Amino acid sequence: MTRAGKRIVILGAASAIAEATARIWAREGARFILVGREKSRLDAIADHLRLLGAAQAHPLVLDCATADAGAELAAMLKALGGLDVMLLAYGLLGEPKRLETEPAAAAELMQTNFCSAAAWCLAASAILERQRSGVLLVIGSVAGDRGRRSNFVYGASKGGLARLVEGIAHKLAPVGARAVVVKPGFVDTPMTAGVAKKGLLWADPDTIARVIARAAERGGPTVYAPAFWRWIMLAIRHLPAPVFNKLDI
Amino acid sequence: MSSDFAKRDGVRSWGRTSNHSQHVARPRFRDELNGLIGDAEASSRLASGLRRSYGDSCLNSDGALIDMRGLDRLIAFDDRTGTLCAEAGASLSQILAFSAPRGWFLPTTPGTRFVTLGGAVANDVHGKNHHAAGSFGRHIESIGLLRSDGARRILSPTAEPDLFAATIGGLGLTGIIEWAELRLERIASAYLDVETIPYRCLAEFWALAEQSAENFEHTVAWIDCVSRGTKFGRGLFSRANWRADDALDAHDDRTWKSIPCDAPVFLLDRLAIAGFNELYYRKSCARRGLRRQHYASYFYPLDALRGWNRLYGRRGMFQYQCVIPRSEAREAIAILLDEITRSGQASFLAVLKTFGELASPGLLSFPRAGVTLALDFPNRGMDTLRLMSRLDAIVEEARGALYPAKDGRMTGKMFRHSFPRWREFVVHRDPAMSSDFWRRVSS
Ligand SMILES: Cc1cc2nc3c(=O)[nH]c(=O)nc-3n(C[C@H](O)[C@H](O)[C@H](O)COP(=O)(O)OP(=O)(O)OC[C@H]3O[C@@H](n4cnc5c(N)ncnc54)[C@H](O)[C@@H]3O)c2cc1C
Ligand SMILES: NC(=O)c1ccc[n+]([C@@H]2O[C@H](COP(=O)([O-])OP(=O)(O)OC[C@H]3O[C@@H](n4cnc5c(N)ncnc54)[C@H](OP(=O)(O)O)[C@@H]3O)[C@@H](O)[C@H]2O)c1
Numbered sequence: 001m002t003r004a005g006k007r008i009v010i011l012g013a014a015s016a017i018a019e020a021t022a023r024i025w026a027r028e029g030a031r032f033i034l035v036g037r038e039k040s041r042l043d044a045i046a047d048h049l050r051l052l053g054a055a056q057a058h059p060l061v062l063d064c065a066t067a068d069a070g071a072e073l074a075a076m077l078k079a080l081g082g083l084d085v086m087l088l089a090y091g092l093l094g095e096p097k098r099l100e101t102e103p104a105a106a107a108e109l110m111q112t113n114f115c116s117a118a119a120w121c122l123a124a125s126a127i128l129e130r131q132r133s134g135v136l137l138v139i140g141s142v143a144g145d146r147g148r149r150s151n152f153v154y155g156a157s158k159g160g161l162a163r164l165v166e167g168i169a170h171k172l173a174p175v176g177a178r179a180v181v182v183k184p185g186f187v188d189t190p191m192t193a194g195v196a197k198k199g200l201l202w203a204d205p206d207t208i209a210r211v212i213a214r215a216a217e218r219g220g221p222t223v224y225a226p227a228f229w230r231w232i233m234l235a236i237r238h239l240p241a242p243v244f245n246k247l248d249i
Numbered sequence: 001m002s003s004d005f006a007k008r009d010g011v012r013s014w015g016r017t018s019n020h021s022q023h024v025a026r027p028r029f030r031d032e033l034n035g036l037i038g039d040a041e042a043s044s045r046l047a048s049g050l051r052r053s054y055g056d057s058c059l060n061s062d063g064a065l066i067d068m069r070g071l072d073r074l075i076a077f078d079d080r081t082g083t084l085c086a087e088a089g090a091s092l093s094q095i096l097a098f099s100a101p102r103g104w105f106l107p108t109t110p111g112t113r114f115v116t117l118g119g120a121v122a123n124d125v126h127g128k129n130h131h132a133a134g135s136f137g138r139h140i141e142s143i144g145l146l147r148s149d150g151a152r153r154i155l156s157p158t159a160e161p162d163l164f165a166a167t168i169g170g171l172g173l174t175g176i177i178e179w180a181e182l183r184l185e186r187i188a189s190a191y192l193d194v195e196t197i198p199y200r201c202l203a204e205f206w207a208l209a210e211q212s213a214e215n216f217e218h219t220v221a222w223i224d225c226v227s228r229g230t231k232f233g234r235g236l237f238s239r240a241n242w243r244a245d246d247a248l249d250a251h252d253d254r255t256w257k258s259i260p261c262d263a264p265v266f267l268l269d270r271l272a273i274a275g276f277n278e279l280y281y282r283k284s285c286a287r288r289g290l291r292r293q294h295y296a297s298y299f300y301p302l303d304a305l306r307g308w309n310r311l312y313g314r315r316g317m318f319q320y321q322c323v324i325p326r327s328e329a330r331e332a333i334a335i336l337l338d339e340i341t342r343s344g345q346a347s348f349l350a351v352l353k354t355f356g357e358l359a360s361p362g363l364l365s366f367p368r369a370g371v372t373l374a375l376d377f378p379n380r381g382m383d384t385l386r387l388m389s390r391l392d393a394i395v396e397e398a399r400g401a402l403y404p405a406k407d408g409r410m411t412g413k414m415f416r417h418s419f420p421r422w423r424e425f426v427v428h429r430d431p432a433m434s435s436d437f438w439r440r441v442s443s
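In order, the protein sequence lines correspond to chains A and B.
Take the first sequence: its letter number 120 is residue 120 in my numbering, and every next letter is one higher.
Take the second sequence: its letter number 284 is residue 284 in my numbering, and every next letter is one higher.
If we strip away everything but chain A, and leave its shape as in the complex, we get (with noise of 0.2 Å):
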């Protein structure tokens, strides 16, 4: 795998921490298939992806909850002639009082989170397999690393993809390809513009996206973004339970 003219393909590329990575590989020369549901968007990001130096930017209009995975990406795999990234950026954070009350609400993010994610990685997995070469990136949470009452639901989803991913590491490792779930804190991106106060632990999408382009080279199966995140992880998942159970979080 050369440093110029990587084969990438982003599911959810109009996410705002996917984007600010696709800038990065963009001034190195790559070649994107940017898979999302919003044709106009997708274009947008293309037409600016091309100009900062992409060999390539094709937008393909998804719903990466619901399309088959094995075949569409057997279909890019083809486009592309090989696949050196695959970086699976889309997600669902939902409203944790519904999700917890409304079976469908729950449903459909696990479906987005957990189930669709997983049958990407699992075709993206074999064909690394197969290559013997390129590196799965598998946007997860530091949400995922202990259920806590203030979102538990999405955190179990991001929870079980991180152990799937973690899975393909180990699988693929003896091939040289690679499986990364990189697990980001509080980042500042229209999934959390709810929040109004964003304090000292808040990242933006760059910062986030360097830690991916990163995971893109070296390193796994599990990155934190920024990294301090895994010293704050380490300390939560190791609380006692009744300590931890006075806290509100």
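Keep in mind that the hints were calculated from the coordinates and are not lab data.
Everything numeric in this text was worked out from a predicted model, so none of it was measured.
Accuracy of the hints is not assured; some may be wrong.
[To be verified] These stretches of chain B come out as covered by chain A in the derived footprint (C-beta under 8 Å, 3 or more residues):
1. 5–14
2. 22–31
3. 392–399
[What the hints assert, rightly or not] Taking lysine-lysine and the DSS-like style, the derived pairs with C-alpha atoms no more than 27 Å apart in a straight line are:
4. A:78 with A:171
5. A:97 with A:171
6. B:283 with A:198
7. B:231 with B:283
8. A:97 with B:7
9. A:246 with A:198
10. B:231 with A:197
11. A:78 with A:198
12. A:197 with A:246
C-beta: ideal position from N, C-alpha, C; glycine also.
Take the given structure of chain A and dock chain B with the ligands to it, following the hints.
The following block gives chain B with the ligands in isolation, referenced to the frame of chain A:
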């Protein structure tokens, strides 16, 4: 108000003198804008950029702000003509990072690269090459404007000349600028040959300004607004031309140093400021002469220090910028400087620059033939406001004008005096758009 708008504290303009919370939406895509501007029944809207305006022209406390920074994509570039089309939230810094290595530069640029394309259009900004290139709006080929009735209008000097003229320098009041098409200028180097010449009095400044206009593309002067007596009116004249050495390296935003917190009051002490001025003048005199400088350090010296406005402490600062027509300039600038130095309130940053004859295209454009003086005043409350009112009287008498981008306190009377075509402008204002500035000067 729709849930797309969240109430936020700490949304301030560059001068940091007012601190009302604002309702802010942060769209990332053009298709989101219709929903944001369209439900303005209850309250007004205003697009904002990087909020490098000093006063209240980029704030809308009674209504809501549409923060355009998320719409920052380049759309198209023609490398034969240098025409660049970009979303309005793209910063000049981003544009330069793209264009400078390709041998293209902004046709003219303000003293910071951290302004958006939309903001640069809406204030019809000017730069050190005004005498050679005119204002920013002269180099705009077309504008995509979204009105609150949902209409998407494409404006150009020929297609919709009236709304185009209202939107250039239109302070965001004619609708949301979604994108703009800008003609860049060829450069053969990212470096300039810069000459710095100390002058001892205003008469010397006028002579230098006159001599330099023809042979130098960029001219500007720093002026000491503190010293009196024999040092009255001294300063440093700088003039520059682009080099042609093919070194086209772009700037790097990552090398910023940053001011993490508000400066303590003693830094704003009059003695401290006088000391800075003396030191700066002497140091620069010692380094007079010709130097090779990168565009980033030549055009944007302050950008190297992120958040330098916090050096003015918790109370913030005012900036005062006026332009005086050529015929009155010598006399009025001397009177202004006398009033300012006598007050002892000025700070270190003061700039004097001659504007050329090239007409600005906007109905409310600030640049016009003459001389412009811009300087900072640390906010000392009533004392500062009273001083600026005294300056207003001098400017008005000399048939001058004030710059809305730098203003947070001019009266409606002073506004109408500065912009005699305001009546024509009002016809084109979008009824859903307003700002703190507009409510003040139009009431
Ligand atoms: C250090 C420094 C140096 C400066 N030097 C100069 C100089 O040399 N020459 C000069 O002319 N100015 C100068 N300025 C002022 C600055 O260039 C202007 O205030 C500029 O308009 C700021 O752009 P912005 O993106 O920050 O816009 P904001 O300050 O956020 O907004 C400015 C105006 O533009 C409108 N606006 C912004 N985006 C849009 C949009 N998409 N659609 C419609 N309206 C919009 C807003 O409503 C507002 O009226 C300087 C400022 C600083 C801080
Ligand atoms: N922001 C944070 O604090 C944070 C923290 C940790 C992890 N994350 C994760 O980071 C990832 C990126 O999110 P973001 O912060 O960049 O927010 P974002 O800009 O809102 O991105 C989310 C993207 O997911 C897309 N999407 C949702 N469902 C989809 C579907 N069925 N098919 C295709 N695309 C779909 C959305 O597209 P539409 O525009 O079509 O809806 C949107 O572009 C997400 O997985 C999120 O869980 C975010």
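Looking back at the hints listed earlier, which ones does the structure fail to meet?
3, 5, 6, 10 and 11
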